[in-house]
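Asker: Go ahead and model the full structure; you've got the sequences and the hints to work with.
Each chain, written out:
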Amino acid sequence: MSKEKIVINPEFWDIIPQDYRDLVDHATYGKSDRGWKDVGSSTELIAEHSLCAGCPESIAFRHIMASIPAPEDTVMVGSTGCTSLVFPMVAVQNIHSLFGNQNAIATGLKRALAYRFPNQVKDVIVLAGDGATVDIGLDMTLQSWFRQEKFTTICFDNELYANTGGQESGLMQKGFVAKMAPQGKKFEKVRLPEIARESGCAYVAVLTTSKPSLVERVVKQAVLIAREIGPTYLQIYTPCILEIGKQSMEGLQEMRDSESAGERFKFREFITPEAQAFIDDMNAKKKADKLAASANN
Amino acid sequence: MGTHENPNVPQIGTANKKGQIITAPEEIFFTSERTQAFLTGSEVIKEAVKRSSVDFSVAYPITPQSEASSLVGELYADGYVGDYMRGESEFAVMGQCAGAAFGGARVFTTTAGPGTLRAFENFPMWAGARLPIQVVFTVRGVNSPLTIQPDTLEIAFMLETGMLLWHAEDAQDLFDFMMKGYIVAELPEVHLPIGVICDGFFVTHTKDVVNMTPENVALPHYNPYANPTPVMDMETAPIRHMRDPFIMKSNYISYMTHASWQLEVKAAMERSRKMTRKLLNGLIEVENPDAEILLVSSGTAVSQSREAIRLFRDKGVKVGLVKIKTIRPFPKEEIREATKNAKYIFVPEFNVAGWMAREIASVVERNERVIAGPHVAGGMTMPPEVIVEEVERTIARMNKK
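Residue numbers (our numbering), protein chains in the order written: chain A, 279 to 575; chain B, 15 to 415.
It is worth saying that the hints were derived from the structure and are not from the lab. Keep in mind that this is a model prediction, so the values were computed, not measured. In this text, a Cβ means the ideal position worked out from N, Cα and C, and glycines have one as well. Take the hints with a grain of salt, since some may be wrong.
Restraint-style ranges between C-beta atoms, simulated for each label pair [what the hints assert, rightly or not]:
hint, chain 1, residue 1, chain 2, residue 2, range
1, A, Met458, B, Glu229, 50 to 60 Å
2, A, Ala331, B, Ile267, 17 to 27 Å
3, B, Leu277, A, Lys565, 54 to 64 Å
4, A, Asp311, B, Pro75, 41 to 51 Å
5, A, Phe424, B, Arg320, 45 to 55 Å
6, A, Val302, B, Thr271, 19 to 29 Å
7, A, Lys464, B, Asn265, 32 to 42 Å
8, A, Gln426, B, Lys221, 33 to 43 Å
Residues from chain B shown here face chain A by an in silico Cβ test under 8 Å; the list is partial [said to hold, decoys possible]:
hint, residue
9, Glu102
10, Ser103
11, Gly109
12, Glu135
13, Met139
14, Asp247
Answerer: What follows is the structure, encoded as structure tokens:
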């Protein structure tokens with residue numbers, strides 16, 4: 279889709295909702311340099327949200343929406359959970375169907391779009407919580423990777439079931455006392471990033487959303503690699519401040535604490551040689567274009 | 015861009031990449047020259063898919079549909095189906111089908127028995143999301159101990175999913191229902207998923223004579239933009255659905271939204287009757303409606319009833335028949351009218367529950383006339399002699415009282 283498709287009849291301009299006018303006036307559609315710095319000025323993809331005040335998930339949402347390389351041709355797939363409270367307010371087309379089937383939906387969607395639009399980029403991004411990705415939907419998460427389906431899976435890891443009130447999940451830390459884990463969780467946090475690597479993901483990254491520039495880099499990389507090479511996986515810590523007993527303003531510090539040396543969200547990434555070559559090539563081209571542009575000036 | 019204006023999609027009168035001429039549905043169904051073929055039900059599924067301009071199909075092995083879904087794979091390899099894959103479970107398969115339908119593809123899949131129930135959560139989701147996916151249910155037993163034998167119990171679970179459900183009596187019905195099913199299911203005023211049902215083994219694994227539409231003629235392609243909901247392809251301007259997601263809200267607006275959408279799905283099913291009557295030549299078929307005794311059923315039970323009626327005729331007893339083609343929408347007016355003069359309404363069924371008898375009893379007047387049976391289940395056959403015996407015994411018992 280191009281921005282030209284979003285046209286408002288001038289006669290109706292004054293009665294069109296502000297959201298829609300923003301989409302026409304300020305949309306970053308088609309801008310190759312869009313990124314996290316647009317968060318403050320471009321709110322056409324996501325503005326308000328209905329999550330708890332200070333929820334890191336809402337920040338992650340903003341960073342991701344600002345970073346996806348081609349929102350005008352991106353369809354997102356969600357699942358049941360806190361993310362499904364945000365998606366109705368996200369202005370790229372998105373699908374919620376059931377709990378845990380997001381990678382199956384994305385598989386059919388990506389294939390249909392590839393078949394219907396063979397000469398056009400159509401990115402598919404899954405964004406779901408850790409219960410959806412690792413517990414109820416693990417089978418479909420892994421199978422989509424085995425089959426090398428070309429889309430990105432983003433897991434908002436808050437280490438529990440937040441929307442239903444803080445129950446134990448597979449990505450919860452061992453020993454954490456939660457609902458349904460009254461004596462503390464009895465097994466280790468599932469090592470999905472390592473499993474993703476072994477399951478055929480071309481790019482895997484583990485991070486928090488504390489550094490927007492890092493989120494931008496990995497999201498762009500993940501989507502572009504998925505478009506050209508194969509499945510990619512991002513696991514982003516979005517702590518549920520409510521369920522771990524923190525205050526609204528403490529989310530950022532919680533994320534920073536969890537990414538220090540030896541902690542479970544210390545930034546790490548894995549990339550296949552093929553994907554690395556693709557990224558290097560892309561960066562070299564970008565650099566050459568920049569040089570050519572400055573030479574012309 | 016609508017399919018009708020997309021230069022990449024062959025339009026009526028032009029050839030697709032396999033050389034099939036895209037042709038108006040009415041012409042294919044009613045005026046094209048048919049040729050006879052002697053095929054199994056599984057082969058009939060392949061032949062119908064071949065003529066239906068299917069964009070995407072997902073397969074998963076489960077008896078008795080495994081052969082059919084692998085034959086669809088051969089069609090894909092030959093270039094007749096856009097994309098094709100094996101899923102990992104029926105739950106995933108129906109999700110993959112949904113994803114492709116959300117993305118604007120015409121979708122086909124098949125399953126049976128335990129697969130239907132494993133996939134179950136998807137079916138009301140399909141209907142609520144208004145995805146006109148076609149699934150062929152080659153029905154089989156769902157009970158434990160494990161069985162692979164024919165049994166229609168799984169249909170009872172499907173009744174309130176919001177899907178159109180058409181029950182084929184034989185291979186000819188299966189061929190026609192599959193192609194016509196796409197046309198009705200994809201009407202913008204309907205736009206609902208459709209289950210075309212055939213009885214496992216009795217239809218899938220036996221050979222029958224089928225009058226086939228020409229091989230070099232195919233249905234027009236699906237136009238995803240003639241749709242009551244937006245296609246998820248970012249070709250139309252996206253909107254924020256709402257400020258306040260309904261899911262968590264306990265307020266009147268939220269209740270009202272969900273309730274009215276459910277009513278809309280019901281209404282869409284009602285709107286399917288008109289075109290279905292036209293394409294299937296009525297939602298029911300009736301023979302001898304003036305007979306005192308009527309046999310009313312769907313699927314293979316109808317074929318067996320036809321044989322039983324012949325045995326009765328040899329005995330000089332006139333028995334009538336009502337064949338129900340569409341289980342959803344249920345042809346209540348037609349059944350009420352066709353059965354109004356009958357003294358006994360027998361409902362032979364291939365399941366232990368007798369759900370069809372309950373459906374019929376819920377719509378006819380003086381429903382003490384509805385007699386559930388004979389029943390067979392778990393893969394048993396229903397010889398016509400059994401129907402005759404059951405009818406005679408039941409009437410004798412009723413007259414004694």
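Asker: Next step is simple, just say for each hint if it's right about the structure.
Answerer: So, going through the hints one by one against the coordinates:
1. A:Met458 - B:Glu229: 50 to 60 Å: The hint (50 to 60 Å, Cβ to Cβ) holds, given that Met458 (chain A) and Glu229 (chain B) are roughly 58 Å apart.
2. A:Ala331 - B:Ile267: 17 to 27 Å: Between Ala331 (chain A) and Ile267 (chain B), where Cβ atoms are some 24 Å apart, the hint holds.
3. B:Leu277 - A:Lys565: 54 to 64 Å: holds, 59 Å
4. A:Asp311 - B:Pro75: 41 to 51 Å: With a Cβ separation near 49 Å, Asp311 (chain A) and Pro75 (chain B) satisfy 41 to 51 Å, so the hint holds.
5. A:Phe424 - B:Arg320: 45 to 55 Å: The hinted range 45 to 55 Å holds for Phe424 (chain A) and Arg320 (chain B), with Cβ atoms some 49 Å apart.
6. A:Val302 - B:Thr271: 19 to 29 Å: For Val302 (chain A) and Thr271 (chain B) the Cβ distance comes to about 28 Å; the hint holds.
7. A:Lys464 - B:Asn265: 32 to 42 Å: holds, 40 Å
8. A:Gln426 - B:Lys221: 33 to 43 Å: Check passed, 40 Å falls within 33 to 43 Å.
9. Glu102: holds, 4 Å
10. Ser103: Interface hint status for Ser103 (chain B): holds (7 Å vs cutoff 8 Å).
11. Gly109: holds, 3 Å
12. Glu135: holds, 6 Å
13. Met139: Where the cut-off is 8 Å and the nearest Cβ of chain A is about 5 Å from Met139 (chain B), the hint holds.
14. Asp247: Because about 6 Å separates Asp247 (chain B) from the closest Cβ in chain A, which is inside the 8 Å limit, the hint holds.
Hint check: no violations occur; every hint is consistent with the structure.
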